[in-house]
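Visitor: Residue strings, one per chain:
2 protein chains.
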Amino acid sequence: MSKERLIYLPLGGAGEIGMNAYVYGWGKPGHERLILVDLGVTFPDMDTTPGVNLIMPDISYLKERADRLEAIFITHAHEDHVGAVGLLWPELRAPVHARAFTGHLAQLKLEEAGHSADAVNIVGAWPEAVEAGPFRVSFLPISHSIPESAGLVIETPAGRIVHTGDFKLDPKPGVGEGWDPALWRKATEGRVRALVCDSTNVFSPHPGRSEADLVEPIAKLVAEVPHMMVATTFASNVARVKTLAEAGHAAGREVCLLGRAMRRMIEAAIRTGVIADFPRTITPEDARDLPRERLMLIVTGSQGERRAASAQLARGGPYLGLQMAEGDTFLFSSKTIPGNERGVGRVHNAFSEMGVDVVAEDDRYHVSGHANRPDLETMHALVDPEVVIPMHGEHRHLREHVKLAEANGRAALLVVNGAMADLSGAKARIVEHVDADRVYLDGNVLIGALDGVVRDRIRLALNGHVIVNVILEDDEPLGEPWVETFGLAETGRSGAPLAEVLEADLGQFLMRAERKTLRNDDSLEKDLKRIVRKTAENEIGHKPEITIVVSRLEG
Amino acid sequence: MSKERLIYLPLGGAGEIGMNAYVYGWGKPGHERLILVDLGVTFPDMDTTPGVNLIMPDISYLKERADRLEAIFITHAHEDHVGAVGLLWPELRAPVHARAFTGHLAQLKLEEAGHSADAVNIVGAWPEAVEAGPFRVSFLPISHSIPESAGLVIETPAGRIVHTGDFKLDPKPGVGEGWDPALWRKATEGRVRALVCDSTNVFSPHPGRSEADLVEPIAKLVAEVPHMMVATTFASNVARVKTLAEAGHAAGREVCLLGRAMRRMIEAAIRTGVIADFPRTITPEDARDLPRERLMLIVTGSQGERRAASAQLARGGPYLGLQMAEGDTFLFSSKTIPGNERGVGRVHNAFSEMGVDVVAEDDRYHVSGHANRPDLETMHALVDPEVVIPMHGEHRHLREHVKLAEANGRAALLVVNGAMADLSGAKARIVEHVDADRVYLDGNVLIGALDGVVRDRIRLALNGHVIVNVILEDDEPLGEPWVETFGLAETGRSGAPLAEVLEADLGQFLMRAERKTLRNDDSLEKDLKRIVRKTAENEIGHKPEITIVVSRLEG
Numbered sequence: 176m177s178k179e180r181l182i183y184l185p186l187g188g189a190g191e192i193g194m195n196a197y198v199y200g201w202g203k204p205g206h207e208r209l210i211l212v213d214l215g216v217t218f219p220d221m222d223t224t225p226g227v228n229l230i231m232p233d234i235s236y237l238k239e240r241a242d243r244l245e246a247i248f249i250t251h252a253h254e255d256h257v258g259a260v261g262l263l264w265p266e267l268r269a270p271v272h273a274r275a276f277t278g279h280l281a282q283l284k285l286e287e288a289g290h291s292a293d294a295v296n297i298v299g300a301w302p303e304a305v306e307a308g309p310f311r312v313s314f315l316p317i318s319h320s321i322p323e324s325a326g327l328v329i330e331t332p333a334g335r336i337v338h339t340g341d342f343k344l345d346p347k348p349g350v351g352e353g354w355d356p357a358l359w360r361k362a363t364e365g366r367v368r369a370l371v372c373d374s375t376n377v378f379s380p381h382p383g384r385s386e387a388d389l390v391e392p393i394a395k396l397v398a399e400v401p402h403m404m405v406a407t408t409f410a411s412n413v414a415r416v417k418t419l420a421e422a423g424h425a426a427g428r429e430v431c432l433l434g435r436a437m438r439r440m441i442e443a444a445i446r447t448g449v450i451a452d453f454p455r456t457i458t459p460e461d462a463r464d465l466p467r468e469r470l471m472l473i474v475t476g477s478q479g480e481r482r483a484a485s486a487q488l489a490r491g492g493p494y495l496g497l498q499m500a501e502g503d504t505f506l507f508s509s510k511t512i513p514g515n516e517r518g519v520g521r522v523h524n525a526f527s528e529m530g531v532d533v534v535a536e537d538d539r540y541h542v543s544g545h546a547n548r549p550d551l552e553t554m555h556a557l558v559d560p561e562v563v564i565p566m567h568g569e570h571r572h573l574r575e576h577v578k579l580a581e582a583n584g585r586a587a588l589l590v591v592n593g594a595m596a597d598l599s600g601a602k603a604r605i606v607e608h609v610d611a612d613r614v615y616l617d618g619n620v621l622i623g624a625l626d627g628v629v630r631d632r633i634r635l636a637l638n639g640h641v642i643v644n645v646i647l648e649d650d651e652p653l654g655e656p657w658v659e660t661f662g663l664a665e666t667g668r669s670g671a672p673l674a675e676v677l678e679a680d681l682g683q684f685l686m687r688a689e690r691k692t693l694r695n696d697d698s699l700e701k702d703l704k705r706i707v708r709k710t711a712e713n714e715i716g717h718k719p720e721i722t723i724v725v726s727r728l729e730g
Numbered sequence: 176m177s178k179e180r181l182i183y184l185p186l187g188g189a190g191e192i193g194m195n196a197y198v199y200g201w202g203k204p205g206h207e208r209l210i211l212v213d214l215g216v217t218f219p220d221m222d223t224t225p226g227v228n229l230i231m232p233d234i235s236y237l238k239e240r241a242d243r244l245e246a247i248f249i250t251h252a253h254e255d256h257v258g259a260v261g262l263l264w265p266e267l268r269a270p271v272h273a274r275a276f277t278g279h280l281a282q283l284k285l286e287e288a289g290h291s292a293d294a295v296n297i298v299g300a301w302p303e304a305v306e307a308g309p310f311r312v313s314f315l316p317i318s319h320s321i322p323e324s325a326g327l328v329i330e331t332p333a334g335r336i337v338h339t340g341d342f343k344l345d346p347k348p349g350v351g352e353g354w355d356p357a358l359w360r361k362a363t364e365g366r367v368r369a370l371v372c373d374s375t376n377v378f379s380p381h382p383g384r385s386e387a388d389l390v391e392p393i394a395k396l397v398a399e400v401p402h403m404m405v406a407t408t409f410a411s412n413v414a415r416v417k418t419l420a421e422a423g424h425a426a427g428r429e430v431c432l433l434g435r436a437m438r439r440m441i442e443a444a445i446r447t448g449v450i451a452d453f454p455r456t457i458t459p460e461d462a463r464d465l466p467r468e469r470l471m472l473i474v475t476g477s478q479g480e481r482r483a484a485s486a487q488l489a490r491g492g493p494y495l496g497l498q499m500a501e502g503d504t505f506l507f508s509s510k511t512i513p514g515n516e517r518g519v520g521r522v523h524n525a526f527s528e529m530g531v532d533v534v535a536e537d538d539r540y541h542v543s544g545h546a547n548r549p550d551l552e553t554m555h556a557l558v559d560p561e562v563v564i565p566m567h568g569e570h571r572h573l574r575e576h577v578k579l580a581e582a583n584g585r586a587a588l589l590v591v592n593g594a595m596a597d598l599s600g601a602k603a604r605i606v607e608h609v610d611a612d613r614v615y616l617d618g619n620v621l622i623g624a625l626d627g628v629v630r631d632r633i634r635l636a637l638n639g640h641v642i643v644n645v646i647l648e649d650d651e652p653l654g655e656p657w658v659e660t661f662g663l664a665e666t667g668r669s670g671a672p673l674a675e676v677l678e679a680d681l682g683q684f685l686m687r688a689e690r691k692t693l694r695n696d697d698s699l700e701k702d703l704k705r706i707v708r709k710t711a712e713n714e715i716g717h718k719p720e721i722t723i724v725v726s727r728l729e730g
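Chains as they are written, first to last, in my numbering: chain A, 176 to 730; chain H, 176 to 730.
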């Protein structure tokens, strides 16, 4: 019989920045006991996923082996790590382990999806550990842009794995535990089989900066603002929200939080003891009555999201009774995530049109939550693993991370979504490939990325839609064909309405068509489509999507 | 009678980076003689303009006054300045003036659109001048990222206007004239009524760098590459293409240009004498036979455009017989324009998957073509105008540029697309507003941005499409309703096919409907749509676009 093995299989997160889901297993091939680390979402865009609500990893591999799944571990509460717990947990039904703040938010996700929050088990930091089949897992605190982020120390029969989670090396992150190299050294000392490591900022050449570096610049900016001060950042960046709020108070302003996600995060942080001393805030109702120079709003929407508070304020009207005005200042205490530039630009320009002074993309007021290139090298050196396995990156990040490790004389292995690595041999290597695509939450339905539904929507958006209605009685046309167009120019080259030109051409065809053509649904539809395509291309230069509706009556 | 006035009216470019079109006029209000500076396009995106081919300014204002349009001046040959000449010139039919390289490319645009190239008049540099009604216009050479870029010195009865065009202050731009402050001082000395000035890089705090700074780093990179070298940049950046080609030759490589736009630009530069000494190139056919370490490709597609050479190579198969392989190097000698990050990322990741080493977003291998903040201040000081009018920017850039001028004690005026400024009074001010929206080339049809055609396509992409077919005979349903869905999940909450659930609900309604409902087209359609919306929302959580086709027969 084959020997037991230790496997690593990313189902999401190794090939994108988003929807993290990493599987580890131990046992004989096909009989491994499994654990899952993180279960996140990624966000749709108009280019590739119009109309989609959320994107999640395809966890078919785990569903089919749910009886072998011992536990789910969530490293931290960012949506790309915890966002799919509410939707996908019912397909797995394994216990969910997390630290208090993360666990609290995972519980809310489960409850919102209509499930009991009992599946979530709150775990203390290392050296506390969870036994999960052949695995023993501890949460090792590390700094990131959200409180209570943790790496995982995973003890396995084939040796120890260190899974960093998202991290940066920040000794003073403002809220939550700072980077503690002594703690990490102690918890990871001895042989480490593999370091599975965040790759997000591998292209950033300089050491990362501390959240603490922002306190003074932000305080200075807020103190100098003449009218209303409004700032946005990620709702989950509790330390940043706190820094902003404290700057507001120091400048004699009352602070009002706008946006459900932000209030929810602060509440979660207070309830779980992550922060004890969040500055006093007031409600939008109370804020309305204050002179604007005494007011500071901290709002959601740092990525220009259309429904968030920043975009609402950018529309110009009152939002919850509050309204921007000329002379106000708006601070993006954030970085625009690649792909969101247009949305952020829209908000920025809208504020500019109102005469609001916007401060954006200014390093004085934002630091990244991820380890830069030299910080990754520090982590490699500290953990000193037998192999480095990059995760949390697009292919280019993973590959660059491999090259970085190899340049320092370390073994490294590039493992993308769906590739299963065997970590138990002398040399880690890919041994299998499983399907690891994407699943879309579309409205309230889960659909596969390859189902063609979204592809059809993209085709409608690019090409428009022509609907042809033909009625046949005893295989003879009854009346004229009727055409409706959707998303196409009304008139084209001939100057006549497109629908009428199409109707005329189709009518002519039907009049002349032989009975055997009219009798055969497939060939009739093919002929009608050919005529629509040709006429549309000639009239308007578009090849539309076409739906032919043929109704057959018997006389 | 009212007095004569000097007007400035941007129809495009003052509120976006793209589709530049600036009108100047002199005369009594409503009777001004007009000139147009630039006539460019902007490019569509999936977010806001799916399926659109090109975006152009709405020049209705000029069309209605074409008899008063004296001339069109093109400052340089970038698509956002010359791209609409082929499509829109027929609506204006005024002479087009440009320098040789720009004019040659404008002629090609006209010919491709089926018009004579005779409208284009080639003009030498300042002090040569074109008389155009009350205006006297000279082309004043300035450095930019394309050869023969020019500012315009526009002499008017109300004083001189300096229109910078796109520019940077580069004394050594590689190809074409360098920044020559003595020339500019001489040509603009004395009273300048207004400086109409590029705003693109107003947020870039440091002085711009020279094209010449790239020569050594690029040569060094190319010399060190072990296998095939491939580089991309803007096709129109002739100086960069030349620098890349020379680096290739210096490293003992043969150079092959891939992409129609790039070959066309180099040909235009050679034909018009802009470059005399472009390095020898070989054809793709010849390139195939060379060992890859002796080859350098220079290719189009620096913005990840799907049809350009870089994206074709990124697909992995052979393109014109050439194919990327592990160990090759790909250089983006370019910067990603905001909004194109996803496309560029796709190309980058595809190369990464092939084992190609990609160099991207590296300042050593790219400089911007636009003047940075301190360079703008240099230009303001040199020309010393009575008023600074920012152009070529989104609203945020224009506003920041106004603030920059004002901070230095200068008068400045923010003029956006459609706002008409009177420059003849003591103080420049906005006096009128005209419609200045956008026009889309959609297939081969020009449609207005507000026509709703593209909005319908976006709705189809977000919501999908349901088509309902109902036949009534003598106001009674004949058979069952028939439903087709497009871009929607096939099955929803109930587990039954969505189309069947819709058909059942609609069938029930029709069976029970009163004759007066069935008789009235409007109320019947309204009722049917309501049922589709409700059922679809319940089944799949989407509210689709709906087309109801009711056919009425008489028995």
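Just to be clear, a hint being listed does not mean it is correct.
The list cannot tell twin chains apart, which means a pair is met if one copy fits it or any two copies do.
[Stated by the list, open to error] Lysine to aspartate or glutamate pairs mimicking EDC-like chemistry, simulated, CA-CA at most 16 Å apart:
1. LYS718 x ASP559
2. LYS178 x GLU429
3. LYS578 x GLU528
4. LYS718 x GLU286
5. LYS510 x GLU659
6. LYS709 x GLU607
7. LYS578 x GLU516
8. LYS361 x GLU536
9. LYS578 x ASP532
10. LYS578 x GLU501
Don't read these hints as lab results, they were simulated from the structure.
Visitor: Are the hints correct? Go through all of them and say.
Guide: Evaluated hints:
no. : hint            : verdict
1   : LYS718 x ASP559 : neither (58 Å within a copy, 54 Å between copies)
2   : LYS178 x GLU429 : neither (65 Å within a copy, 54 Å between copies)
3   : LYS578 x GLU528 : between (46 Å within a copy, 14 Å between copies)
4   : LYS718 x GLU286 : neither (47 Å within a copy, 26 Å between copies)
5   : LYS510 x GLU659 : neither (45 Å within a copy, 44 Å between copies)
6   : LYS709 x GLU607 : neither (48 Å within a copy, 46 Å between copies)
7   : LYS578 x GLU516 : neither (29 Å within a copy, 23 Å between copies)
8   : LYS361 x GLU536 : neither (38 Å within a copy, 39 Å between copies)
9   : LYS578 x ASP532 : between (43 Å within a copy, 10 Å between copies)
10  : LYS578 x GLU501 : between (50 Å within a copy, 14 Å between copies)
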